[in-house]
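Based on the provided sequences and hints, a complete structural model is requested.
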Amino acid sequence: MSYYAPTSLGDVWPLLAEGEARVVAGGTDLFPTQGDGPPPSALLDISRVDGLRGIDHDDDGWRIGGATTWSDIVAAPLPPAFDGLKAAALQVGSVQIQNVGTLAGNLCNASPAADGVPPLLTLEAEVALTSAGGTRRLTLTNFLRGVRQTALVPGELLTALHIPRQPTGALSSFVKLGSRRYLVISIAMVAAQIWLDEAGRIGGVRVAVGACSPVARRLFGLEQSLIGLRPSDLVSFSMASDALDTLSPIDDVRGSAEYRRAAVERLIRDALGQAVERSDG
Amino acid sequence: MDKASNTATTSFTLDGEAVQCDPATGERLSYSLRERLSSRDVKIGCNAGDCGACTVLVDGAAVCACLMPTQQAAGRRVETQAGLVRDDPIAARLAESFQNHQAAQCGICTPGMMVSAMALLRQVPEPTPEQVQDALGGVLCRCTGYRKIIDAVVDTAALAGAPDGSGAVGSAVRRVDGLAKVSGTEAFGDDIAPPDTLVLRVIRSPHAHAGFVLGDVEEFVTDSPGVEAVLTAADVPGQNRFGVIPGFVDQPVFAERTARFRGEAVAVVIGRPDAMAAFDPESFPVTWAPLDAMATPQQALHPDAPPLNADLPDNVMCSGFVLHGDPKKALGQAEIVVAGTFTTGFVEHAYIEPEAGYATPVGDRIEIHACTQAPVMDREALEAILGWPASRIRMVPTATGGGFGSKLDVSVQPFLALGALKTGKPVRMAYSRRESMQSTTKRHPAEMSARVGATADGRLCGFEFHGDFNTGAYASWGPTVSVRVPVHASGPYRIADYRAEARAIHTNCPPSGAFRGFGVPQGAIAQESLFDELAEALNIDPLEFRIRNALGNGDETVCGQVFEQGVGIGACFEALRPAWDAGRADCDAFNKTGGHLRRGIGVAAGWYGCGNTSLPNPSTIKSGLLPDGTFVLHQGAMDVGQGANTVIAQIFAQAAGLPLEAIKLIGADTDVTPDGGKTSASRQTYVSGAAALRSGEALRARLLALVNAGPEAAIRAENGELLIEDGRQIHKVALNRMKPDTDGYVVAACETYDPPTDPLDENGQGAPYAQFGYAAHLATVEVDLHLGTVRALGFTAAHDVGQAINPLLVEGQVQGGIAQGLGMALMEEYLPGRTENLHDYLIPTIGDVPPIETLIIEEPDAHGPYGAKGLGEHVLIPTAPAILNAIYHATGVRIRHVPATPSVVHAALKEARHG
Ligand SMILES: Cc1cc2nc3c(=O)[nH]c(=O)nc-3n(C[C@H](O)[C@H](O)[C@H](O)COP(=O)(O)OP(=O)(O)OC[C@H]3O[C@@H](n4cnc5c(N)ncnc54)[C@H](O)[C@@H]3O)c2cc1C
Ligand code: FES
Ligand code: FES
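Chains as they are written, first to last, in numbering that gives the first Met the number 0: chain L, 0 to 280; chain D, 0 to 914.
Just so you know, the hints here were simulated from the structure itself, not pulled from any lab data.
Remember, it's a predicted structure, so these values are computed and weren't measured experimentally.
Just so it is clear, CB atoms sit at the ideal spot from N, CA and C, and this is done for glycine as well.
Check each hint, because a few of them may be wrong.
A short, non-exhaustive set of chain D residues, derived as facing chain L with CB atoms under 8 Å [said to hold, decoys possible]:
hint, residue
1, T24
2, R27
3, C65
4, M67
5, A277
Okay, the calculated beta carbon distance ranges per label pair [to be verified]:
hint, chain 1, residue 1, chain 2, residue 2, range
6, L, G36, D, A156, 52 to 60 Å
7, L, G168, D, R790, 29 to 37 Å
8, L, G199, D, G594, 23 to 31 Å
9, L, G203, D, G594, 23 to 31 Å
Written out as structure tokens, the structure is:
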């Protein structure tokens, strides 16, 4: 019988160092992967650790605790730069999943279709990985190494996500493509963030695409090509033929590679359109 | 030590009471609630967050109890359906509203639905339908099509939706068995066994085809603490075979030496609950030698393909055939001929209750409690497997959380019986979702090609159909499918020259069996799509084209059968006309605005022969009056959510001249209730209903005869006295003075009905059914031309049910059937090894089923009780082709494969642009 539910981080480290216990937060990835097999022999429940859940804000930006749930994100007062993250939160599984599932769990599970990743990429989030020895900060891109692979090493906990200050006036969006309305894993999804310059033209833009590569990706080339356009151009701008070349979609039960490639272009336009739409409303 | 809590005991508040339990590490809250704290109202449909049946409130928030370690609930407030309905007045109103709207059919999803709704209603007392959808999006229902659930939640505050029927035939009333479902007391297959009962787990093949050798099973038992026994083929005392059709009893309870499909059982491990909760199936001693597997009929029909069953060298299990007139000649003379090839995938029943049950030895008998659609067939299978007489086997069905055809076959029953026999103790088991999906039957994938002709004035002129159906590794209901398809593939139309053939082909896939419609929905996809093409080629309105060719009274069917009465398809089409005209105009107006969204409306029809094809299928209904004045109805027609308990009771009450409330139901139980036959083939309302009518009439006649009262006399019973009011006169009979029969009844009646049919000859000519039910649907969809996504916007469904016994139940069946048809059309495909869970196998959620308008057509049938016809299958037959025709109307692209996933639709749109 080994179920540990420490209430302070100090008590976490010895348990983590032993390496025997699996970390559990919302359990929404942990239990399903267990399938019909036996349960883990030891669990380390991080949901009661003081200070690990919740969102703080200071001059440098935001800190989202490593046990913060999707519902916490939905309920938090956050600026429009986070609208995409909120929209993603509202589309993760169902209310039941959002109420317990965590952003950190979503990242640590490292699914190519993790809905949290594209919006967090557009927010240029970093993760704090802490162990008894201290904390290291990694960009999301460095943290997510591949399908179900992260940079976490034994003894480490993802204690927080750090989101830097966002460009003034940044707007954001998230669009998800699935085969049904609720409880659906994305065939593909796109997060976008946009801010305008004084002249009302696009001063900056960030676009990230999920489920079309082992890890969701920013499309830097495409972003560059949009700077200086008028918001109204976003509906019909011509996308460079190589704009999506960094993606490497695969065939699976949710859709063919070809389909994903074709759909993403539309999703990008939708995401950009939705983001700027928020500027006048 | 609360800091790093390693204590064994977990305390929390459960439905207002402080409770404690000692869960194992990583034990799911759902398990602790059910097995340690008696909260069996928390249901388990998937153990993976995908179905929401286990939803509870933790500190007021909806969570899946199957994803929460019990210890995480320590110190928190947990609420379940039963506690909520008992303690929270809002939940009590919600329970009323659920009953008013018949929002619970089988009831297995109801706890999750109501608990999720409570989280919403406490914040938003009068929610909009959209708010309800968002709040309930995490709970799947396979029966209702969700619309009644939305209505019920929305109506909680007002409670304006109470049905005001009297209970008489034709009136809308609540379900007679609804209260248990909304208050958390209904007991399904896994809700019966005491918590300390020994648990069975099946060891299954991970390969589609493999030889295997069992290791030292005795040693495994000795070395595994808590494991008491293992069952293998060697433990089957009778024959290691089961099946549902004489001559096709071919499926082993345990495979011997070779497994023929992924998920086939090779052994069972029996142990104490704690040991089995921690059991790792990988630890079981078996070695596999994978073999080449045939995944498709194409592979199995290849001349070099090895026979799956030694008696069938070509892997063709059986075929069905209908020939009428001279189709070749007619097609030659037709003005226009269209042809096409259509394919469908495996469809999983996906009832929310996985197979489960409990068995216990009682003296020299065995009693089995399990969810089922066919208790007497279950017993027959066990007679052969155990080698026992029927008298030693008692089947007591539990409440059944959906069936849709798959629970006609045995699943857990043989394992339970053999386990109880081997250990001499009570045993229980519940399939995991994966086991349920891997090992139980599916809808047959079909590959169909058809050619249809028409004359210049739009009359059908020649029809040829060939279909190969992937029947999987064992027979199950494959023979029925191959017989039904050729009889039905014409649709409800006049076709003088017709040839149809269907073959069932063995492959290394799970057995395909019965699923709402027995192959008819697949055939309708080919036929109704091609009819649309004909109409277009002839420039005739698609609805008009169908009306022109609709079967009428006095017309010959393709089997040469002539119905002089009761053919209601024409009336169904006519009823759709206003919605069709308005819908076409709306879509055209919408599409004129351009853009990437296009709307379309499609029509399709279906028919369904009620009851077995050209075979006897009687139902027997017993009733009686107890000395205390209680009227008892032995209702053996399994209610799997469709409402047989209510329908049969309404028919019986009407025939006996009693108020519905006066009837006490005793359900199926092979010891006390006669055989109501299987719940399939749309036969219960019709066949068991006809038996109930006769039973009611006979009981009434006997009661009236006691006092020589006239036929109009009114009957009631009070305080042990029978009161018969005949005109002015009131006769009183003291019931306790009468001598009860062996069942305890002072007056009883037992009546049987078997529909009249004739055998089919070698050309499929004859009278296969005494009646058909008829249906036609309109589907409106919106297609995103860029993404290939299809959104259903609405349905109008006209169904000829002869006489609606209870219109609310009809609506519920129609909505649920359409939801299944929508799933089949747009998203559902079972792929062994890939979509073996409800995460990857997608069924419609509460956000996917649009409003559905039901038009009840009543073209009475001479055989049915009060003119009633069956309904259970034709509710979904027209849905998929109507959707495909709507996609065509929207986009000009024909989809000939289902499911029409976004990827499939997108590819078809692209091909159309470039080709
Ligand atoms: C029905 C259903 C629907 C879903 N739908 C979606 C969806 O639409 N989109 C989507 O993206 N995901 C979806 N998911 C997946 C899942 O809900 C999310 O990934 C969720 O965010 C995981 O968080 P969790 O807290 O539940 O993780 P857990 O299951 O508790 O943990 C996941 C993994 O991460 C590890 N871990 C957790 N927290 C930490 C930490 N702080 N430090 C180190 N390791 C940690 C755990 O050990 C485990 O290996 C769905 C899941 C289910 C069951
Ligand atoms: S049993 Fe928990 S969601 Fe299905
Ligand atoms: S009533 Fe919803 S699953 Fe049966």
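Going down the list of hints, with the structure as the test:
1. A cut of 8 Å between beta carbons decides the hint on D/T24: the least distance to chain L is about 5 Å, and the hint holds.
2. The closest approach between the C-beta of D/R27 and any C-beta of chain L is roughly 7 Å, which is under the 8 Å cut-off, so the hint is satisfied.
3. With 8 Å as the threshold, the beta carbon of D/C65 comes within range of chain L, its nearest partner Cβ sitting at about 7 Å, so the hint holds.
4. Below 8 Å, beta-carbon pairs count as interface contacts, and D/M67 has one with chain L at about 6 Å; its hint therefore holds.
5. Look at D/A277: its Cβ gets to within about 5 Å of chain L, closer than 8 Å, so that hint holds up.
6. Range check, L/G36 to D/A156: Cβ separation about 46 Å, and the 52 to 60 Å hint is violated.
7. Checked against the hint of 29 to 37 Å, the pair L/G168 and D/R790 passes, with Cβ atoms roughly 34 Å apart.
8. In this structure, L/G199 and D/G594 meet the distance hint of 23 to 31 Å, their C-beta atoms being roughly 26 Å apart.
9. Our hint of 23 to 31 Å for L/G203 and D/G594 holds, since their Cβ atoms are close to 30 Å apart.
When the structure is compared with the earlier hints, a violation turns up for hint 6 alone.
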